[in-house]
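Here the structure of chain L is known, so what remains is to put chains H and X in place on it, guided by the hints.
As they're listed, the protein sequences go chains L, H and X. Read in order, the letters of the first sequence correspond to residues 1 to 225 in our numbering. Read in order, the letters of the second sequence correspond to residues 1 to 347 in our numbering. Read in order, the letters of the third sequence correspond to residues 1 to 376 in our numbering.
Calculated directly from the structure, the hints in this document are not laboratory data. Predicted model, so just to flag it, every value in this text is computed and none were measured.
Quick list of in silico lysine-lysine cross-link-like pairs, BS3-like style, CA-CA up to 27 Å:
#1 X:Lys213 x L:Lys7
#2 H:Lys290 x X:Lys123
#3 X:Lys352 x X:Lys8
#4 X:Lys121 x H:Lys290
#5 H:Lys237 x H:Lys120
#6 X:Lys123 x X:Lys216
#7 X:Lys216 x L:Lys7
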Amino acid sequence: MSDTAAKKKIRQRRNIVRAALILVYLGLMVLVFVQGKGHTILIDNKDSGSFAALEGVRVAVDRQADSEYAAGDRDMAKVVGQVHRVVIDRQDGSAKIEKTIRLPLGADTVLLSLPKLVAGAEPYLEPFQVKVSAPATRKPRRPKAPRSRAPPRPRPRPRPAPHRRRTRAKRSSTPSPAGRVRQRPTPRRRTRPPPRTRTGPSSTPSRAGRGRNPTDVVKDPFHFE
Amino acid sequence: MRSFKKMVEDFGWPRIIIFLFLVALFIGAPFVHVRMDSSLSDVINRFGQNAIFVLAMVPMIQSGCGLNFGLSIGVVAGLLGSTLSIEFGLTGLLGFFGAVLFSAPFAVLFGWAYGRLLNKVKGEEMTIAMYVGFAGVMFMCIMWLILPFTSPNMVWGYAGKGLRTTITVEGYWLKVLNDFLAVRIGKFFVFPTGEILFVALAAFLMSLFMRSKTGTALTAVGSNPDYARASGISVDKMRTVSVVLSTFLGAVGICVFEQSFGFIQLYTAPVNMPFAAVAAILIGGASVNKASMLNVVVGAFLFQGLLTMTPSVINAALQTDMSEVIRIMVSNGIILYALTRKTKVTK
Amino acid sequence: MSGGKSSKLGRFFSENAVVIIFLLITVLAIKPSGLSLTYIGQEMINRIGRDSFLVLALLLPIYAGMGLNFGMTLGAMSGQIGLIFAINANIRGVDGLVFAALAGTPISILMGYICGVVLNKAKGREMVTGYILAFFINGVYQFVVMYLMGVVIPIKNPAILLSRGYGIRNTLNLEGVRQSLDILLALKLGPFTLPLATFLVIAALCVFIVWFKKTKLGQDMRAVGHDMAVAEASGIPVDRTRVIVIIISTVLACYGQIIFLQNMGNFATYNAHDQTSFFAVAAILVGGASVKKATLPNVFIGVILLHVLFVVSPLAGQNLFGSAMIGEYFRQFIGYGVIALSLVLYAWRARKETERAREGLRGGAANGDIAVGGAK
Numbered sequence: 001m002s003d004t005a006a007k008k009k010i011r012q013r014r015n016i017v018r019a020a021l022i023l024v025y026l027g028l029m030v031l032v033f034v035q036g037k038g039h040t041i042l043i044d045n046k047d048s049g050s051f052a053a054l055e056g057v058r059v060a061v062d063r064q065a066d067s068e069y070a071a072g073d074r075d076m077a078k079v080v081g082q083v084h085r086v087v088i089d090r091q092d093g094s095a096k097i098e099k100t101i102r103l104p105l106g107a108d109t110v111l112l113s114l115p116k117l118v119a120g121a122e123p124y125l126e127p128f129q130v131k132v133s134a135p136a137t138r139k140p141r142r143p144k145a146p147r148s149r150a151p152p153r154p155r156p157r158p159r160p161a162p163h164r165r166r167t168r169a170k171r172s173s174t175p176s177p178a179g180r181v182r183q184r185p186t187p188r189r190r191t192r193p194p195p196r197t198r199t200g201p202s203s204t205p206s207r208a209g210r211g212r213n214p215t216d217v218v219k220d221p222f223h224f225e
Numbered sequence: 001m002r003s004f005k006k007m008v009e010d011f012g013w014p015r016i017i018i019f020l021f022l023v024a025l026f027i028g029a030p031f032v033h034v035r036m037d038s039s040l041s042d043v044i045n046r047f048g049q050n051a052i053f054v055l056a057m058v059p060m061i062q063s064g065c066g067l068n069f070g071l072s073i074g075v076v077a078g079l080l081g082s083t084l085s086i087e088f089g090l091t092g093l094l095g096f097f098g099a100v101l102f103s104a105p106f107a108v109l110f111g112w113a114y115g116r117l118l119n120k121v122k123g124e125e126m127t128i129a130m131y132v133g134f135a136g137v138m139f140m141c142i143m144w145l146i147l148p149f150t151s152p153n154m155v156w157g158y159a160g161k162g163l164r165t166t167i168t169v170e171g172y173w174l175k176v177l178n179d180f181l182a183v184r185i186g187k188f189f190v191f192p193t194g195e196i197l198f199v200a201l202a203a204f205l206m207s208l209f210m211r212s213k214t215g216t217a218l219t220a221v222g223s224n225p226d227y228a229r230a231s232g233i234s235v236d237k238m239r240t241v242s243v244v245l246s247t248f249l250g251a252v253g254i255c256v257f258e259q260s261f262g263f264i265q266l267y268t269a270p271v272n273m274p275f276a277a278v279a280a281i282l283i284g285g286a287s288v289n290k291a292s293m294l295n296v297v298v299g300a301f302l303f304q305g306l307l308t309m310t311p312s313v314i315n316a317a318l319q320t321d322m323s324e325v326i327r328i329m330v331s332n333g334i335i336l337y338a339l340t341r342k343t344k345v346t347k
Numbered sequence: 001m002s003g004g005k006s007s008k009l010g011r012f013f014s015e016n017a018v019v020i021i022f023l024l025i026t027v028l029a030i031k032p033s034g035l036s037l038t039y040i041g042q043e044m045i046n047r048i049g050r051d052s053f054l055v056l057a058l059l060l061p062i063y064a065g066m067g068l069n070f071g072m073t074l075g076a077m078s079g080q081i082g083l084i085f086a087i088n089a090n091i092r093g094v095d096g097l098v099f100a101a102l103a104g105t106p107i108s109i110l111m112g113y114i115c116g117v118v119l120n121k122a123k124g125r126e127m128v129t130g131y132i133l134a135f136f137i138n139g140v141y142q143f144v145v146m147y148l149m150g151v152v153i154p155i156k157n158p159a160i161l162l163s164r165g166y167g168i169r170n171t172l173n174l175e176g177v178r179q180s181l182d183i184l185l186a187l188k189l190g191p192f193t194l195p196l197a198t199f200l201v202i203a204a205l206c207v208f209i210v211w212f213k214k215t216k217l218g219q220d221m222r223a224v225g226h227d228m229a230v231a232e233a234s235g236i237p238v239d240r241t242r243v244i245v246i247i248i249s250t251v252l253a254c255y256g257q258i259i260f261l262q263n264m265g266n267f268a269t270y271n272a273h274d275q276t277s278f279f280a281v282a283a284i285l286v287g288g289a290s291v292k293k294a295t296l297p298n299v300f301i302g303v304i305l306l307h308v309l310f311v312v313s314p315l316a317g318q319n320l321f322g323s324a325m326i327g328e329y330f331r332q333f334i335g336y337g338v339i340a341l342s343l344v345l346y347a348w349r350a351r352k353e354t355e356r357a358r359e360g361l362r363g364g365a366a367n368g369d370i371a372v373g374g375a376k
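So that you can see chain L by itself, here it is in the shape it has in the complex (with noise of 0.2 Å):
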């Protein structure tokens, strides 16, 4: 009966063998979407509760560089992983103020809240919903985008911080998700659909919807790039 024994023996190890496969498998998953989750991080520099807004400082996330705040204003910053480092500036002469913190896992995009930050308070950390605008909306032509759009050459992350522009306080601004611009708050502009990549807004795909064309039976093959 040993060679029983011995089937035995080699399922149990193949059983084994696949076990641990399957958890470095997840292990690695769960590593890698740790590790390389991107997050948006809105800095928001405006009163909230009984912090008051800081008045001019410069404000820089892990090693991008740093941008000015006014009173409230609102930037943004592109993160890739959990845990960051805020230098804050106050440009007083007095030390710079160093916080590291923790991006909560779920969050695409987080509010984080400079005066709740410098004072120590907590949650100074929210996550932030996005809203996506309806699509019976036009997308805005403006040529805006394609000047802090990466240029097609491969570049090193993480990418400085966009360029920062005056802006007034402005409570109902929706910040893009997808874009690098900065939003530009114009009064009376309800609701603006982010600055989508290059296709326009379209409600079915190339293929579907076109008129019937009997040749079309199978979809074509020889579509080149």
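Only chains H and X this time, still in chain L's reference frame:
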């Protein structure tokens, strides 16, 4: 009961399923506000358009050359004929038959060369046929750009040379077959008598041919090459004959298609046509090495019926355009099914 | 071709005809294209990095006698779905690529299994069946990505959905992961930039393939490729081995497509996989492989030759014929033509081999003609 079961088996489950599905679509059509008569008219029209292509599959299947994925070569010959017909300004039935006539020499020439090629690669015909077809179409694309056509209906406006992608046959021979003795019932139903008669005639001629000496020799070559050889039949010659015939029918088929559809489509359009015909004949019950007239008719009807009804009914029912996706899955699924069957012959 | 030196030269030409023809056309086309050698060189480097992995995925099925695996498109589609998930979760850089690869792996294993089972049912017609299967699964893919994503499959990132609320957009900008593998270890060598990390990955795959061929499974595959009946008689589970080969090939195609897309930077959701098998098959055939035999050098020679021609021919066509369209069509014509030519040459050569073997058996009698139904 047993004979019924045998009948079902013979007919093949996929055919029955598709037939029932088609019937269901027809029944369901009025409920989603799709007109039955216009749908029926559409189906019959498309059946007529594509039947000759499906017929073109038969000779090569019978002679053992497999499914003619290289039908594009015949289509291209037909396109040459049609463009010549328009170039010479022929109209009406003369225009149509002129197109067929002009395509004939090209079809025979291309078919002969293609047949010679296939003879050298017995056993791997289908894949090679596909790529030869594609390469041929691409080569013709270059030709369409440089051949010296002059008719203002066909060349690009600006440059004055090089053919346009789609050329209308309106004013030349649009629907000349369709309208011949056409029966019109109400506003939406047109029965294209001429076209159906033409298809019937072609099928009849084909069945006569298959019963003739050459035809039986062809079938012998396909079903039992050694026996054929022993009887003194030249395998290669018969195969070449079948390829030439198939190519010629492809050319005729595209002419029939054009007069019904209304446009001559050049450049990369022919590339997709073989797949439709292959799917049709397979769903008609043919296998990779046996096909009959019944397969052609049933297959063309079921396939085109499916392709017409599914998008209109499902889109109307679901309010979304899934037609393309469904089309892809259905037509390729059918071919796949046939390719994976053990070669069991159905009537 | 009768005896002695001329037949050896003739054999060399007929065996390497495709490579020679291609080389000739390419060299002829370089001058009229007006492109500098530096540019061509850099393009070659890029293309090797981009496409070699996909072509390498074709090696094992050829080895196992299953012909050209047109079903690799299934792997490509799996990789694309993995990439969609990675973009959805907004994972950036190489981590995103690894995540996509991991997410795509189970899908591609499933796809490979389906493909293998289907191909087993169509023995002798694997290539056509694989081709049609790719189209069929393309339909399924379209259905899943166009109608199920966002509805049944949760998609969190609204930027990648269509404006109607479900279904993925036509083009996805891969700005998070674009070129991330390429620039991970970029080395500048004179006027050229080498994507070392990508090359390392490709080298790792080559090593894996070489090692794999030596394992028992690899030897089994070779036996199956040689002669299925003999392998079956030797106790090798032929069907199972074939399925495993296809699964491996599909998974490799999955990773290869991810590498391809990260280099491209843009992802045409519904079309990106259309040309994948065409390019890979053309490349390996141009490199001198046949339906039954393919080596590592075939892969790289093929990628270089094919892509150099594809880079220069549109411009050459434009300058020679005054029309860019002609160059474009010429490119496609050459592409399909070379596959057709290779297949024809292979089939023709295979028949010649059996004829020769048969003649050898017969002792060179003159009735060779009738027995093989020679062309009349």
